[in-house]
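S.K.: One letter stands for each residue in the lines below.
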Amino acid sequence: MRQSIIQWFKFGSPQSFYPLAGRMIPWFWAAAIAFGIAGLWISFFVAPTDAQQGEGYRIIFVHVPASWMSMFLYLIMAFWAGLGLALNTRVSGMMAQAIAPTGALMALLSLWTGALWGKPMWGAWWVWDARLTSELILFFLYLGFMALQAAIDDPRRADKAGAILALVGVVNIPIIYFSVKWWNTLHQGSTINMNKAPSMAHTMLWGMLLMALCFWMYSIAVALTRVRAIILERERHTEWVKHAVA
Amino acid sequence: MQWHSIDEFFAMGGYAFYVWGSFGACALLMFAEPFLAKRRLSEVRQSLIRERLADELELQQKNS
Amino acid sequence: MNSFLATVRRDLLLAMRRKSEVLTAVFFFVIVTSLFPLGIGPEPALLRKIAPGILWVAALLATLLGLPRLFAADHVDGTLEQMALSPSPLGLLVAGKILAHWLLCGLPLVLLAPVLGVQFDLDASALGILMLALLLGTPLLSLIGAIGAALTLGVRGGGVLLALLVLPLYIPALIFGAGAVEAHIAGLGAGGHLSLLAAMLALAVFFAPWATTAALRVALE
Amino acid sequence: MLNVSDLACSRGERRLFANVGFSLAPGEWLHVQGENGAGKTSLMRLLVGLSPADAGTILWRNEPTPSAEFRRDMIYLGHHAAVKEDLTPLENLRLAAALDGIELDEHASMAALIRLGLRGREELPVRVLSAGQKRRVLLARLLTRPAVLWVLDEAFNALDVSAVKLLGELIGEHLAVGGMAVLTSHQPLPVPGGKALML
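Line order of the protein sequences matches chains A, E, B and S. So the first sequence is residues 1 to 246, counted in the working numbering. So the second sequence is residues 1 to 64, counted in the working numbering. So the third sequence is residues 1 to 221, counted in the working numbering. So the fourth sequence is residues 1 to 199, counted in the working numbering.
Simulated from the structure, these hints should not be mistaken for laboratory data. Check before you lean on any hint, since a few could be wrong.
[To be verified] DSS-like mimics (lysine-lysine), calculated; alpha carbons at most 27 angstroms apart, straight line: (1) B/Lys19 with A/Lys181; (2) A/Lys119 with A/Lys181; (3) S/Lys134 with B/Lys19; (4) E/Lys38 with A/Lys242; (5) S/Lys134 with S/Lys165; (6) A/Lys181 with E/Lys62; (7) S/Lys165 with S/Lys195.
These figures come from a predicted structure and were not determined experimentally.
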């Protein structure tokens, strides 16, 4: 038991995590590209034309994975942040910091593709739909996290402050989602309901899953690349970094 | 396969702007982001290598 | 508990010595809400429709205006440090400061709301619901805002950052607060909205002082 | 009573000090010396529990700090004035005690202010007082807050000759009844005895 904890902390140290991340990155890239090619093939050549939405529905193959990832990544970011706060491991805060920009990018892509999908289907770039609105708020939460970390000079303090904010956000995200949903149904502004879409064909589901896996692998690869940079930036005055870069 | 020609594929049944706008934005940003992350990493590395060089030069000058 | 009341008393006493700072938020609330009819037009039906939203957004921004000062003065002169080292639990002192902030920045808005609501042609029962919603909602704004204020303490560009951090978290309060009055006007009954506001307030009363305390300890490191 | 061992601290990437250790028994005091930037204030902040140490342990009555007992037994006066400019010295003293959960009557607070030479200034707002007088308002807390361990960071700064002598006497009296003190300063202190720690 004791041994395994020590082992765990070993990988929790930047010194051993840096080369480990370096070895893992190419594998995640390979997986991302493989899943991406398969997913794109299904998206464009296997999945049939939708009876109602024509070819326009194909946006779903990037829109849904981006939305999923934006939410997953927030949870993972908060998990690392909370771990850092609880156990005071150095890598945790760096991971949270490395994930945030990718999460924000996914939220942005989700909003962008959502707008491009909404225009031909609903006739508007933006509707105050519950999902769209909470995605927008999620995007703001990411920006807030990044801005707070950037504004604090001492990295250890920045990690802790960011962790508290991320955890407060985790508590708030469900509250925000349900409040926005209720607000939206009360207003009855948009008559379009995404749930009414025709039951999804198997091929579509496969396409979406493969694309989601591609986005997963991509996110991990990018976050690991960024965490390597962050490790070097923060630990640049330690002995091991000088040897690692040689 | 539902496409009969390349043109038809790119036309996307009249939704070309929306479909390619979405996929294009994803491709662009998901190409740019790793590129930026990579550059950040190599910038730190460069500066670390420069620092090492400076250390070595300082040492040489001291010895000579 | 004594130290909690002592903190409230201390902050109120300090505010009384500097009345202008307290009045700024209240004036802001009054002026912003009065500007809207001038910008939109005097049509009573339209004003009734937008009243809850405008009063709530103005209340939200007025609360935000006072937030940067919540801990800043104590941080600069070192009294916050003394509080962190005090034998009394910091969470209790922080809760006292938040209550004082609400008494100074939130309660005046609740009391002024009916007067301003009349400008928007709201009837007596709608004004009552508005007051009740603000009474439940403004403490929530102070509690959530305190977390943001503690996180941005002593940070570059703290004021703008504070708005960026806190405003997204204010959305549920805004939705249910303004929604309560709207639902009442529409004849749907405000009970559901008000009880949800109360539930969120209960959650925040337990959670927010704890998170604020943790953030303050980080800021003092 | 106070046992400190292997304490290490860094600011950003710079290592300030490492392997700092000392212990204090009732009636003893420690003089922390060092150049500007050597980490005297950082050591004080570690000691009282404001910032976490990189390594090392601090034990108070054989318990790791910061415990509730330590908070009750310890008073820390740092660089900051830690007084409210808009309040009078009397209000400052009484509110600070109230926040600490201590009952402080009129008599005790007046006596403390008079001992520190603030006679006739009890009812003036602190902002009209001089820097040295503000410092004296803060120092009055040493008399109104019952604490065993005094941690005073540069407490002798901005004090005139008579105030330096007075503070020296206060510390002497505190030590005589079994108190302890940790002081920082560049110059020799008007307190006899004491251990020295060079950073």
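S.K.: If a hint holds in the structure, say so; if it doesn't, say that too.
M.R.: Here is how each hint holds up against the structure:
1. Between B/Lys19 and A/Lys181, the direct Cα distance comes to roughly 41 angstroms. Violation of the 27 angstroms bound is thereby established for this hinted pair.
2. With a C-alpha separation of about 21 angstroms, the suggested pairing of A/Lys119 with A/Lys181 holds against the 27 angstroms cut-off.
3. A threshold of 27 angstroms between alpha carbons decides the hint, and for S/Lys134 with B/Lys19 the separation of about 24 angstroms falls inside it, so the pair holds.
4. A hinted pair counts as satisfied when its Cα atoms are at most 27 angstroms apart, and E/Lys38 with A/Lys242 qualifies at roughly 19 angstroms.
5. Using a Cα cut-off of 27 angstroms, the hinted pair S/Lys134 and S/Lys165 holds, with the two alpha carbons roughly 17 angstroms apart.
6. Note on A/Lys181 and E/Lys62: the hinted pairing is violated, with a Cα-Cα distance of about 70 angstroms set against a maximum of 27 angstroms.
7. This hinted pair checks out: S/Lys165 and S/Lys195 have alpha carbons roughly 20 angstroms apart, not beyond 27 angstroms.
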